[in-house]
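There are 4 protein chains.
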Amino acid sequence: MSMHQPPQLAGVPALWRARYETVRHRTLALAEPLSDEDCGAQSMPDASPIKWHLAHTTWFFETFILERMEDGFAPFHPAFRVLFNSYYNGVGEKHPRAQRGLLTRPSMAQVRAYRADVDRRIARLADSVRDAAQARELGALLTLGMQHEQQHQELMLTDVKHLLAQNPLLPAYLEGALAGAAPVAPPAWLAFDGGLVDIGHDGEGFSFDNELPRHKQCVAPFALASRLVTNGEYLAFIEAGGYDDPALWLAEGWDWVRANGLRHPLYWRRGDGGGDWREFTLHGAQPLDLARPVTHVSLFEADAYAHWAGARLPTEGEWELAARAAEVETGWLHPAGLAAGHDGQALAQLFGHCWQWTSSSYAPYPGYRAAPGALGEYNGKFMVNQYVLRGSSCATPAGHARASYRNFFPAGARWQFTGIRLARQP
Amino acid sequence: MSMHQPPQLAGVPALWRARYETVRHRTLALAEPLSDEDCGAQSMPDASPIKWHLAHTTWFFETFILERMEDGFAPFHPAFRVLFNSYYNGVGEKHPRAQRGLLTRPSMAQVRAYRADVDRRIARLADSVRDAAQARELGALLTLGMQHEQQHQELMLTDVKHLLAQNPLLPAYLEGALAGAAPVAPPAWLAFDGGLVDIGHDGEGFSFDNELPRHKQCVAPFALASRLVTNGEYLAFIEAGGYDDPALWLAEGWDWVRANGLRHPLYWRRGDGGGDWREFTLHGAQPLDLARPVTHVSLFEADAYAHWAGARLPTEGEWELAARAAEVETGWLHPAGLAAGHDGQALAQLFGHCWQWTSSSYAPYPGYRAAPGALGEYNGKFMVNQYVLRGSSCATPAGHARASYRNFFPAGARWQFTGIRLARQP
Amino acid sequence: MSMHQPPQLAGVPALWRARYETVRHRTLALAEPLSDEDCGAQSMPDASPIKWHLAHTTWFFETFILERMEDGFAPFHPAFRVLFNSYYNGVGEKHPRAQRGLLTRPSMAQVRAYRADVDRRIARLADSVRDAAQARELGALLTLGMQHEQQHQELMLTDVKHLLAQNPLLPAYLEGALAGAAPVAPPAWLAFDGGLVDIGHDGEGFSFDNELPRHKQCVAPFALASRLVTNGEYLAFIEAGGYDDPALWLAEGWDWVRANGLRHPLYWRRGDGGGDWREFTLHGAQPLDLARPVTHVSLFEADAYAHWAGARLPTEGEWELAARAAEVETGWLHPAGLAAGHDGQALAQLFGHCWQWTSSSYAPYPGYRAAPGALGEYNGKFMVNQYVLRGSSCATPAGHARASYRNFFPAGARWQFTGIRLARQP
Amino acid sequence: MSMHQPPQLAGVPALWRARYETVRHRTLALAEPLSDEDCGAQSMPDASPIKWHLAHTTWFFETFILERMEDGFAPFHPAFRVLFNSYYNGVGEKHPRAQRGLLTRPSMAQVRAYRADVDRRIARLADSVRDAAQARELGALLTLGMQHEQQHQELMLTDVKHLLAQNPLLPAYLEGALAGAAPVAPPAWLAFDGGLVDIGHDGEGFSFDNELPRHKQCVAPFALASRLVTNGEYLAFIEAGGYDDPALWLAEGWDWVRANGLRHPLYWRRGDGGGDWREFTLHGAQPLDLARPVTHVSLFEADAYAHWAGARLPTEGEWELAARAAEVETGWLHPAGLAAGHDGQALAQLFGHCWQWTSSSYAPYPGYRAAPGALGEYNGKFMVNQYVLRGSSCATPAGHARASYRNFFPAGARWQFTGIRLARQP
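Chains as they are written, first to last, in the working numbering: chain A, 461 to 886; chain B, 461 to 886; chain C, 461 to 886; chain D, 461 to 886.
The hints are simulated quantities; they were obtained by calculation from the structure and are not laboratory data. It cannot be assumed that every hint is accurate.
Pairs involving identical chains hold if they fit within one copy or between any two copies, as the list cannot separate such chains.
Keeping only pairs whose Cα atoms sit at most 20 Å apart, straight-line, the calculated DMTMM-like set for lysine to aspartate or glutamate is [unchecked claim]:
no.: 1; residue 1: Lys554; residue 2: Asp587
no.: 2; residue 1: Lys676; residue 2: Glu597
no.: 3; residue 1: Lys554; residue 2: Glu712
no.: 4; residue 1: Lys676; residue 2: Asp653
no.: 5; residue 1: Lys554; residue 2: Asp715
no.: 6; residue 1: Lys554; residue 2: Glu527
no.: 7; residue 1: Lys554; residue 2: Asp704
no.: 8; residue 1: Lys676; residue 2: Asp658
no.: 9; residue 1: Lys554; residue 2: Asp705
no.: 10; residue 1: Lys554; residue 2: Asp732
no.: 11; residue 1: Lys676; residue 2: Glu664
These numbers come from a predicted model, not from an experiment.
From just these sequences and the hints, can you work out the full model?
This is the structure we're talking about:
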């Protein structure tokens with residue numbers, strides 16, 4: 461992990477602590493609507509229990525900060541080094557990912573105590589900073605830890621959504637009906653000139669190492685749809701037989717559709733006897749809102765839809781070029797329709813609704829270098845057989861999104877808030 | 461399910477209620493040492509969460525008694541009929557077995573409320589019995605429900621043991637070290653004449669339908685070991701290369717050993733660096749006690765051990781013939797060594813330590829008939845590719861064991877308290 | 461393998477040789493209608509290529525006779541000891557079963573040469589027998605080898621049938637339409653008294669070790685259907701929804717039906733657009749003949765059918781008791797209808813049509829002992845999770861059937877000529 | 461498939477026919493050293509039987525040329541349309557890929573007759589060309605069919621190598637020992653300036669659609685190793701513990717290594733008792749030649765090796781830029797060492813030895829368009845989760861290689877002649 465912090469923050473521990481406390485508190489707040497039982501279960505190997513997220517994000521601070529910088533460091537619990545290591549081989553053994561839901565001990569109470577203990581020690585460490593170099597190191601690691609924890613905040617929401625969706629009682633994470641979105645007009649096609657452009661983080665503020673180094677890409681002229689594909693548009697694709705026509709699909713996508721017997725996005729359900737479509741949301745099952753963006757689709761589905769619509773998915777370079785000046789919108793806990801007053805001719809829904817699949821495989825930028833040591837495992841080792849998603853979603857924490865951000869998942873992943881923005885030749 | 465109740469109990473609801481309350485209370489008592497988090501997790505498809513056991517045993521009374529006999533019956537919760545149905549196709553849909561651990565709702569508190577509500581209604585029903593016929597029907601169904609719940613009490617212990625064993629913290633269900641058992645002499649071989657004998661339940665007291673009808677079997681003379689195989693004896697088998705010699709194993713057993721890379725019983729572990737053997741128990745990890753019976757072995761392992769020892773497993777007819785007059789001993793929560801004062805020449809450890817694998821496949825007795833309706837699914841439909849175990853274990857509730865009892869599991873099952881009693885030609 | 465040979469044959473090598481040549485020649489004759497390409501392919505792990513059968517049966521004579529008794533023994537090819545070992549761990553390594561179809565070398569020509577070489581050496585060995593003891597040993601081993609080869613003759617037909625059935629061209633093993641069988645009346649129920657009866661081979665002529673020792677069984681009175689279940693009767697079961705009603709099935713059978721999406725016996729196919737039923741046979745696809753016995757059904761299907769028909773499957777003891785005096789009929793290469801002139805009141809179709817599933821698991825008879833050494837692996841190690849079939853089929857070589865013969869397969873096996881004979885309480 | 465043919469060839473059927481006959485004849489010649497049995501077997505789903513290759517390449521001409529252009533077209537055999545369709549959904553149903561080895565019918569003789577029949581009809585069609593437009597269409601389709609057949613010629617060699625390697629007899633495709641290669645010096649690092657360069661086919665001669673359109677890429681300065689990684693260098697990686705250190709591997713690669721228990725390239729074997737390394741080749745098992753290029757490695761292995769060597773894999777843009785002026789060398793049937801006289805300072809082994817893994821995922825070039833109809837399935841639908849290989853191998857037909865050629869396989873594929881060329885920052 462290389463990262464970039466504004467130099468003026470060095471030597472200002474109090475400010476770090478305020479940010480730290482805000483982030484750490486929000487994690488606990490996300491667990492508030494849930495029982496200890498809800499927090500322990502794991503619905504699939506790709507998803508983790510809430511309790512595990514609470515512990516792992518704490519482990520990150522304990523392992524990468526306290527263990528390095530605290531005088532007389534002793535672990536909160538010696539077994540936690542293994543239990544809550546996600547994938548850092550450089551740190552040592554890991555508890556098997558698929559068995560995180562079997563860790564009924566430590567209890568939620570013990571994990572809360574673990575969090576409190578680490579928070580206390582981090583605060584003490586910040587108070588004891590002796591010089592600017594140490595402040596810089598601590599600041600950089602705290603920033604990384606907070607960004608890491610924000611990533612897990614998003615996963616907490618998507619993972620618990622997946623868990624609740626397995627329960628025939630269809631419980632809501634938060635009660636409350638979703639308001640109907642206003643009907644939308646067809647998207648506009650906004651043209652971009654392309655050219656030899658700079659891609660990657662521009663050096664101000666934090667970024668992950670995978671957004672670096674900033675480098676030149678040659679982008680041909682292209683057009684981008686002004687908004688995300690809606691549920692209504694996707695339903696038209698379904699009703700036109702989209703899931704039955706191999707000509708629309710990547711070969712591996714077609715095999716995937718058939719092997720899994722898929723007919724619609726992950727959380728769509730039909731009422732009994734072929735009734736109206738409903739969608740499971742963090743607010744429970746809701747009528748399918750045709751004006752909201754379609755979400756929880758795989759790259760395969762996004763690509764097939766684009767093919768059907770006579771378009772294609774954008775590359776990540778195209779997306780980043782177009783998104784440079786965009787504002788981050790704020791959704792609730794589900795992708796929203798277009799904001800009132802949107803004239804349909806500007807780029808909308810870039811951030812805060814659905815992550816947007818690109819056709820770009822997740823690969824290192826030219827000259828990319830991972831950090832030395834275990835932190836070097838943060839990003840680089842996943843750069844194969846995954847695809848880049850750009851933007852951010854309704855589950856992304858405020859302040860975590862930026863135009864150069866590269867999210868990535870395998871082509872068949874559906875449990876994130878993934879959506880579709882179309883591109884085409886101009 | 462056919463069953464047999466002492467006629468004198470008909471029409472004595474108060475007595476039923478006392479028994480009922482005892483059984484129902486013990487189920488809750490078994491969950492006492494556990495947190496709500498412990499009660500929700502499922503460590504493999506064959507095992508169920510404690511919470512599910514609490515709810516399913518209640519569902520059994522609600523479905524097979526209240527739904528039939530209660531005036532104006534309304535379910536406690538309409539979804540529970542599906543959620544807590546184990547395998548009764550005659551009742552309707554079932555929640556997938558492997559996903560019981562994802563039911564974080566209903567909560568433990570709601571399941572306790574469910575239990576209390578059904579208990580209240582059962583009591584009211586018992587108080588309102590109008591005539592002897594109704595008393596007989598209610599008595600028979602209550603008896604079956606209680607026997608069913610006792611079966612689940614044993615499963616609660618074996619299932620939670622399996623769950624806790626997956627946790628690297630190796631938590632104990634109950635604290636407390638196991639006392640070392642006294643060393644044992646080699647087993648005596650006790651000879652039996654065999655002959656044309658009656659096998660099956662003899663008509664007094666309750667039995668499950670699979671113990672009926674009582675019928676003649678022709679049993680050749682045989683000898684039975686006076687006690688169970690010990691950990692020490694089984695360790696000698698391991699150290700002699702028992703897990704490496706295909707000549708000792710059934711062909712399917714050998715494939716199973718190799719495919720799973722097995723080298724010892726389920727809960728044995730070696731200390732770091734090849735140290736002393738330890739065994740995970742409900743009292744946590746304990747030093748392996750060489751004088752206690754080996755347990756948590758599959759039929760394949762029991763058969764291979766017997767082969768190595770120049771013996772064989774008994775048939776269920778042999779076992780039942782020998783066990784007729786035996787006393788039920790009481791263990792703690794782990795199989796115990798021989799009782800002090802045992803002279804080594806009598807049959808010991810028939811009940812209360814380990815279920816004993818027989819070479820008999822689980823099959824209907826001649827003339828067997830399952831009950832009509834959904835209760836007919838209780839036993840009969842499992843009569844293929846399973847093997848009979850006789851006796852009872854340290855986890856079997858008091859009063860639940862008898863000489864004609866037929867327990868059954870697939871040949872590779874190891875998470876029950878299964879042990880080995882040898883037989884041979886006399 | 462223990463076996464029993466008439467003493468008068470000892471010392472009569474010429475007679476042995478005639479039998480030997482007959483058996484060996486028939487194996488080659490079975491391969492006659494097939495190309496070398498046909499002989500090399502393997503359609504599933506349970507089935508073997510014809511070439512492998514030709515080589516393995518030869519390996520059996522080479523390994524168990526020549527290697528023991530031939531002066532200056534040298535193997536035909538050193539690699540064949542591994543390549544053509546089926547499952548004898550006592551002989552050493554084995555080529556993986558599922559990869560027999562990849563052995564394009566040795567060629568069919570080389571395998572034929574292997575057969576000729578071993579035949580020559582066996583003849584020379586028989587000519588050189590020096591004394592009665594050696595003659596007895598050779599005679600016993602030759603008998604076993606010939607019986608073994610006859611078992612493989614049946615497998616050659618069932619395995620090549622399975623292979624040809626995978627080919628969309630549906631090629632026939634032998635050309636020629638099957639004649640329509642005469643319509644049949646409902647079966648008669650023939651009553652048997654049972655009692656304390658002797659079961660197992662009676663000591664005259666050859667038997668496999670699993671038919672021994674002869675022992676007493678206590679058989680309750682029962683009735684047996686006079687003939688096998690027909691295609692027409694089984695079709696009625698299908699049309700009555702037999703494959704959709706879990707109440708008819710063993711639990712494991714129901715899971716098996718659903719997991720495999722089964723709706724009919726293995727080789728039944730419907731014409732395009734829901735047309736007439738056809739059945740793939742060794743004579744190619746044929747119209748389904750309603751009067752012929754249903755075949756290629758699993759134990760699960762046989763049991764469900766019996767359940768639906770208000771009957772049950774016989775035990776192997778019942779079957780053997782009833783079959784004592786039966787004649788072996790001769791079919792073609794497909795099960796035939798009732799012989800002309802059959803009055804419907806005698807037991808028919810016991811031999812020569814379909815193997816008949818029993819409810820008896822494959823288990824050792826009381827006092828069973830396997831032979832010492834590698835030949836002891838012939839039968840005993842398969843005595844778990846398999847079920848006994850009695851009788852013989854249209855693919856069984858002449859002279860290979862007898863009332864005490866115990867064939868065995870897993871409950872889900874369908875590629876043998878397996879059929880259904882019903883039993884019930886009298 | 462779009463493609464580009466020199467206009468002067470239109471209207472010159474004789475020349476087409478000569479080329480056609482050469483290509484078609486070479487396919488048969490490749491099958492010459494093999495028996496009919498060899499030609500029928502399929503060693504894994506990814507590989508096809510030789511017979512299937514012979515038929516499928518013929519099906520391609522029949523389906524895409526004769527069916528379109530022949531007057532009164534009738535198929536050679538109606539079932540072949542399904543049997544020998546590889547993956548063209550637009551043509552209709554396909555025989556399941558994993559079951560190609562079960563097609564013992566049609567026989568090799570019938571497939572040869574199929575080839576001869578189609579060749580006759582293609583010749584007749586070429587003779588009957590009426591005008592330039594038809595000549596152009598026929599020429600374009602014939603060219604595509606020949607290129608397609610050349611691709612299958614390479615697969616025939618890699619597929620039969622995989623088949624023969626499964627046979628414990630380790631038969632050679634062609635007899636003859638490989639000559640030892642001369643020892644090699646460490647590779648030189650050749651620097652390239654990069655810049656805004658044109659990538660993709662330049663419009664002269666044939667290309668596949670995936671090499672188009674030619675477009676600008678911005679390539680940063682880089683260095684390329686002058687030759688391929690040798691067996692000796694790769695052995696040093698193994699001996700340094702390369703397969704045991706997760707820090708060297710992509711996360712998915714590490715999982716792949718562990719799940720498959722891999723320790724070396726696909727065809728390496730150690731002699732008994734840890735003896736010398738040997739490599740299975742089309743010339744049978746040979747001593748491992750340390751000076752020849754390592755081959756049959758996955759992208760995961762190539763990437764881990766590069767990581768260990770302090771380098772990286774090239775991108776496909778870098779590779780193409782460097783390879784512009786290279787000559788195609790000719791190997792035997794195994795990658796060769798450096799040519800005598802090579803001074804070590806020029807790029808060597810670009811073509812004719814091993815395909816070279818790049819870090820580029822297989823994706824459409826900007827503005828890529830697949831052909832309409834079934835031929836559009838040729839390339840585009842595979843553009844996900846595959847990685848580009850550049851160059852050509854010792855199995856690639858003469859005349860089939862070029863600098864813009866994009867071969868592609870999943871990251872775990874090893875049965876092609878895949879090797880490693882390193883890159884790094886200059």
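To see whether the hints hold, each was checked on the structure:
With identical chains, the CA atoms of Lys554 and Asp587 are never at most 20 Å apart, being 32 Å at best within one copy and 57 Å at best between copies. For the identical chains of this complex, Lys676 and Glu597 are neighbours neither inside a copy (30 Å) nor across copies (41 Å), given an alpha-carbon limit of 20 Å. Taking the shortest alpha-carbon separations for Lys554 and Glu712, only the inter-copy value of 16 Å comes in at or below 20 Å, while the best intra-copy value is 31 Å. In this assembly of identical chains, Lys676 and Asp653 lie within 20 Å of each other by CA distance both inside one copy and across copies; the values are 15 Å within and 15 Å between.
Only between protomers do Lys554 and Asp715 lie at most 20 Å apart by alpha-carbon distance; the minimum there is 13 Å, versus 33 Å within a single protomer. In this homomeric assembly, Lys554 and Glu527 come within 20 Å of each other (Cα to Cα) only inside a single copy, at 17 Å, whereas the closest approach across copies is 49 Å. For the identical chains of this complex, Lys554 and Asp704 are inter-copy neighbours only, at 16 Å across copies versus 42 Å inside a copy, given an alpha-carbon limit of 20 Å. In the homo-oligomer, the alpha carbons of Lys676 and Asp658 lie at most 20 Å apart both inside one protomer (5 Å) and across protomers (15 Å), since each shortest distance falls under that limit.
Taking identical chains as interchangeable, the C-alpha atoms of Lys554 and Asp705 lie at most 20 Å apart only when they sit on different chains, with a minimum of 15 Å there against 43 Å within one chain. Within a single copy, Lys554 and Asp732 get their C-alpha atoms only as close as 44 Å, which misses the 20 Å cut-off; across copies the closest is 17 Å, which meets it. Only within a single protomer do Lys676 and Glu664 lie at most 20 Å apart by alpha-carbon distance; the minimum there is 18 Å, versus 29 Å between protomers.
Checked against the numbered hints given earlier, the structure breaks hints 1 and 2 and satisfies all the rest.
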